[in-house]
Each structure stands twice: as C-alpha cells, then as structure tokens.
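A.B. asks: Here the protein sequences come in this chain order: A and B. Per the working numbering, residue 1 is the first one in the first sequence, and the count goes up by one each step. Per the working numbering, residue 462 is the first one in the second sequence, and the count goes up by one each step.
Any given hint could be a false lead.
[To be verified] In silico SDA-like pairs for lysine to any residue, Cα to Cα no more than 20 Å straight-line: (1) A:Lys63 x A:Leu198; (2) A:Lys368 x A:Lys417; (3) B:Lys638 x A:Gly430; (4) A:Lys425 x B:Lys593; (5) A:Lys48 x B:Gly570; (6) A:Lys330 x B:Gly627; (7) B:Lys593 x A:Ile314; (8) A:Lys425 x B:Asp634; (9) B:Lys638 x A:Asn419; (10) B:Lys632 x A:Trp413; (11) A:Lys425 x A:Ala415; (12) B:Lys632 x A:Asn419; (13) A:Lys417 x B:Glu485; (14) A:Lys212 x B:Gly570; (15) B:Lys632 x A:Lys48; (16) A:Lys41 x B:Ile516; (17) A:Lys41 x A:Tyr85; (18) B:Lys632 x A:Tyr423; (19) A:Lys417 x B:Ile516; (20) A:Lys207 x B:Arg641; (21) B:Lys653 x B:Pro636; (22) B:Lys638 x A:Val427; (23) B:Lys638 x A:Gln431; (24) A:Lys208 x B:Gly674.
[What the hints assert, rightly or not] For the chain B half of the interface with chain A, some residues (derived, Cβ under 10 Å), not all of them: (25) Leu512; (26) Gly515; (27) Ala523; (28) Met578; (29) Leu596; (30) Asn611; (31) Met617; (32) Trp626; (33) Gly627; (34) Asn650; (35) Trp656; (36) Asn659; (37) Lys661; (38) Val664; (39) Ile669; (40) Val682.
Think of the hints as simulated: they come from the structure by calculation, not from any bench. Treat the numbers as computed from the prediction; the structure is a model and nothing was measured. All C-beta atoms in this analysis are idealised placements derived from N, C-alpha and C, irrespective of residue type, glycine included.
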Amino acid sequence: MTGKNGNGERFTGHGSEWRDSNLSEADALTATTWVESKIDKRSMLTNKDRVHDIREVMWQLEKEGEIKVHRVSDEHAPRVAKTLYGWDKKIPTRQLWHHKSCGQCGNIPGYPTSLLWMMNEMDIPYLDETDQTSCTAWNYHGSGIGNIESLAAVFLRNFHQAYVSAKAEGKPEGYYYPLVHCGTSFGNYKEVREYLLLSAELRERVKKILGKLDRLVDGKLLIPEEIVHYSEWVHVMRKDIADRQVIDCSNVRATIHPACHVYKMIPQDVIYDDEVLDGNRVAVSTGIMQSLGAQIIDYSTWYDCCGFGFRHIISEREFTRSYAIDRKIKVAIDEANSDVMIGHDTGCITTLDKNQWIAKADDRNAGKDYELPVISDIQFAALACGADPFKIVQSHWHASPLENLFEKMGIDWDAGKANFENYLKLVEQGQQENLYDPRRRITGGPGYINVEERKKLGMMK
Amino acid sequence: MGHHSTSTRVQKHIGDPTEGLVEEVSREKLEEIFQDIQGDLRFDHELNGCLNCGICTATCPAAHYYDFSPREIVQLIWTENLEGIYDAMQEKIWSCAQCYTCAARCPFGNSPGGLVMLLREASIKHGMESAKSVLRPFSRVLLKLISTGNQLSPDMINADGFPDWGPNICKVDAPLKLLRQAIPMPTLNTIKTAWETNLKTSVELYTIWEETGVLDQLETVDENLFDVIVDIMDEKRDDWDDYLDEMDE
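Next up, chain A with everything else stripped away, as it sits in the complex:
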C-alpha cells in the first residue's frame, strides 16, 4: 500500500527489521487490491448509497414532538470529526458523564482511572456516579437473555440519568454529556438508537416503561444527539494529550487491535481521519499513538476479532484462547515484532491480555516467546504523560508482560511496584488518594448529600 504521496512509503512505523517481500509490482498490486477491497474502508463504501444518516430521522421526530434530543452544545466544547462517509460527528470534550464498563471496572480498573486522570490533568469537569447500570449487552450477545425492548429501556434509562444527573449538584439538565467507555456498549447503544428512531412500535413499548420509571423528559423519550465512545474523545484530544507527553515513545513498535463492536457495528458512525492511515482505517487509537510518536506497525490480521465471543471467554475458552493466540498475538509478534498491542475495548483487552500464558502448552510454540504487552490507548497515553504505572494505570491487573513495555519506555517497574506496596499500607489506614471527591458519586437515594448541604461542606466548585 502506498502512502499519501504515492511514493512507495508504507504506513508509518515499519521498523528497521522489516524487509520487503520483493513482489513484482503487478503481484503486489493484485495482493493489495484484493486485501483492501475486502477489509478496509472501501468495502464498506459500496453500501454508501443505501445507508441513511439516522440523525435526520432523529431531528424530524423531535420536530414532530415525538422525542427530545439531548444536544451536544457549546458548553460541551465539541470538536468535529469525520465519519466513514464524510459526515460530521460532534464529540463533546467537557462536562462528561462517565458511562462505565463492567468489564473494565471489574477487571482492568486502570483503564477508566487513566481516562479520569487525563481529564484531571486537563481540568475537564466530569461526573462518575453510582446511578448507572451496564448496557447489559455483553450478557445479551453471550446468552440471548434480553431482547430489543430491554436493551432499549436500559439505554434510555442510563442516558436519561446522564441528562438529569447534574441536578444533584445544583446544575441544569443536560449539563453533563454521556461518554461511553465500553466498545460493546457503544455499538449496542448505536444499534438500539437506530431501532428506536425507526420503529414507532418500539418507542411506544418502551415509553410505557420509561414512564413508570419517571424517566421521560416533558413526557417524551430522550435520545442523545451523538453516542460517543471514550476513544473518540481521546482521538479529538490527541494533540492536547501529546502536548503533555513526558516520555519519548519513538522506539515503541505498536500494533493496533480495532474493536469489532466499535467499528463494525453501525460503521457509518465511525471516525475515519485523513491524518490517520490516509483515512483508510478506523482512526481511533492509531491517531493517539501516532501523535505520541510511537511506530504503528501493520499486521495481516488487524481486522480479525480478538476471540472474546462473549460467552466463549467464560464457557468455550478453547476457542477464545486459540483465536487470541493464533490469530492475533502470534501474528503481531511474528510479522510486526510488536512491543505492545493497543486496544480500545473491554473484552478485547481482557482476552488478548489474559490468554497468552497458555500458549506455552502448545508444542508448536516451543522455543518461541509469545508474550506481548496488551493495554488500552488511554493507559498508554497516561503512561506517556507521566501517570503512575501502579496507582493510576493499575498495571498489576494485567497478565501480559507490561514490564517489558515499561523497560522500553524507560519506566522503572521495580521502583514503581515498591512504591505502590508502600502506598497500600496507607490505604489500609484509610488514606487512599482519589481522583475526585468521593461524596460526589452518589446523586440520589441512600447516601446522597443535597445541594444545600454540599454548599456547607464546600463540595461545590
């Protein structure tokens, strides 16, 4: 594949070990054309004429008084990104309501903490609260328990809570805009929003439920103008993040694992950026790594899933293990000599991070060290900007050898671990450090501190 200028330059980052395959020009063109037509943006462009922009339906329904739209407004300081077909997508950058991911919070806690830490560094207001459920879509895709109605009701409930949450702090409705952490939640919510906007029957069914929950706005369903994934926030903020960089990443060879539910579900709403791989692939994660100066190394199975499978990772693990090792980890090591695999979704990071050790049991791997650090884009960015590798990035929860990555970045793993173990003694005495005032996390029900009381306690900024 040729670069922007057609001068034979490849995607950025082929390192010194890389050797040309020496295909003839005609053979290379044949191979490249075949692959591109199957796997990159172009194959999806064939559907362009048949895909509508669902937001047009959304505005029409609001005009007809059927729904209320939660707008991305100036107070959210939006930045505009281009999606697959060149449509504009407004990405809010401030006043964000963190819609957490159960898999991240349960298993990779350094993923959300790195994001909140970065926002603190940039003085970006946000709310992380207890009044939210997961999207329930991991379970749905794994088990089939759930249905379009339950998924829609959960979506509307959570996004309604995001809309009204600021009232607990004496601020107006709509002040915070939801930022979705999980890739599956992101894909699922976009799909559900589309069905809600297209089906009057579904709207009628869930409206009754949301009414019972007192989750309507002026008697109407509340629909978000944009459904925004955290990786999109990272992407539009990538240059601001890079301005805070304190660690040189230019010797890091990174492979990217784009997440299926981020860019294969409702693909027309996915960011493609001319500055990133000529706009040919999903831009998130690659964009921030490029801005941080890392080498982005291509590998042939970049478009494959990770093997998570939703149910498979729990109860058909041989599939998950085999797929993760054979189709992703080994390829990234053998083809790209990768130092780290960067992801932007919960299940992928878990699958690729945890399923490496078992490769030692496979005779075919004898003599090869198939170990590859796996981490999310925002964790990598936080490290590059000087975040504590244990307290903030919570690297100890990763099974893959992040130590190797730290060495490459010049981060002292042993000293960091010793510091953290000392810090645990303080935590035992109740002296843990938090990214925000813990009292803010409760916005209603038991434990809620009302606005007047908050003022007295000095909780209001």
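Based on these hints, arrange chain B on the given structure of chain A.
C.D. replies: Using the frame of chain A, we list chain B on its own:
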C-alpha cells in the same frame, strides 16, 4: 413425544451434522418458532437477500474453529427452511462470536450475527434443551447482571476460576479488598460488583426486567437461578421501600 433424529431436508441435502438425538417437532411448532423469529422488528433490517457469495463465512472467526457458517444460517432463514433452522438452533447458533464482521462485509447489508441473536432468543423462549445446556456455565454472569446490573465483578476474576490465565492474574500480592480500595475511583472500591450500584438503579432495572419479559426468559432456562434472583430482588425492593419511608418521616 418420541426421540429420534429429525432427518431434515438440510441433513439430507447439505449434510448438516446434527449430533445425537433431537426431539421430533411438529410442523406447527416449527412454524411457531419461525414466526417468532420473523416477527421480531429487527428481522427485515437484518435480512435483505442473499446470493450465497460467502464473504460472511470467509471472514467469520467462528467458522475457523467450528462447523459453523453464517452463510448457511442466512440461507436457511432466507429460504425459510424451518427444519434446518431448528437443527441449527440445537448447537450451531451458539458458535457465533458476535463480532459482526459478517455484517460489516455483507454486500446486501445483512447481519448474520444479528439473525443469530434472533435465533438464540427464540431458542430460549421455546425452552430448548440446547439453550439450557449451553447457558449453564454462564449462570454466574446472569446472576450478577440481573440482580446488580453489572455483568462482571472482581471476585469472579481469580486464579481458581481461570487457571489457564497463568500465575499473573494480579502481580501485586495483597488481599483483593485492599487492592480494590487502592483504585482511585471511589465507585470502584468494590468486590462483588464492578462498581458500586445505587439502590435506586437496581430497583429501576428490576422493573425493566419484569416489563420486557427478561425474567420469563430466565425462568425458562434456569428455574433455580430465577428463584434466587427473585429473592434478591424482593430484598432490595424492601430496602428501597424502607428508605422511602425514612424520607417521608
């Protein structure tokens, strides 16, 4: 109802390898199942036509490892092969990894992965043994999800549960509770749920489960789990009522 192979058109002509004995089902039952699949409002959105090009299967992760083909699933539904659909619901539909690569690639804009979900829902609704059996090891996720609104919790991730993940599930040797307290997001200082969930949130979620038939689905696949969850729900609802009473006083 007798037990013998259904000997369907698919088995005869395509060689669909249905293993073991499958309950014989009447034509009426097959039609009822298909009507449930076809009646879902997503059906027409997920299926637009099929020329058997197979690009879905070519890029399907599950097709690498299982006797599973999204092309076959689409064809069975497109041609309304009711016996074949029923056979596929016995095992094959559970192979799909739900990555939606098929949907992103299909020139017709079909979503084979989405159709698989309609089949999975139907297999649960009709109480198929295949669904009960395949979901048995998934019950802890179901318990967490329906009772708390979280799907995964820190106490589920441990070396006993995942010995194949190796010795480095956590690289700092300290009690789980302490390690969770050391996470600087106060909502995450939890063990039994991924994050601290507001009581009001749980109670609202229970209404959603009831109103959308999710509890009925659960009762169909696992009656014991259903009983446990209903007890938890009652308890939390009582707590919420107590809180409201306190506020009134």
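A.B. asks: If you check each hint against the structure, which ones fail?
C.D. replies: 2, 4, 13, 14, 15, 19, 20, 25, 26
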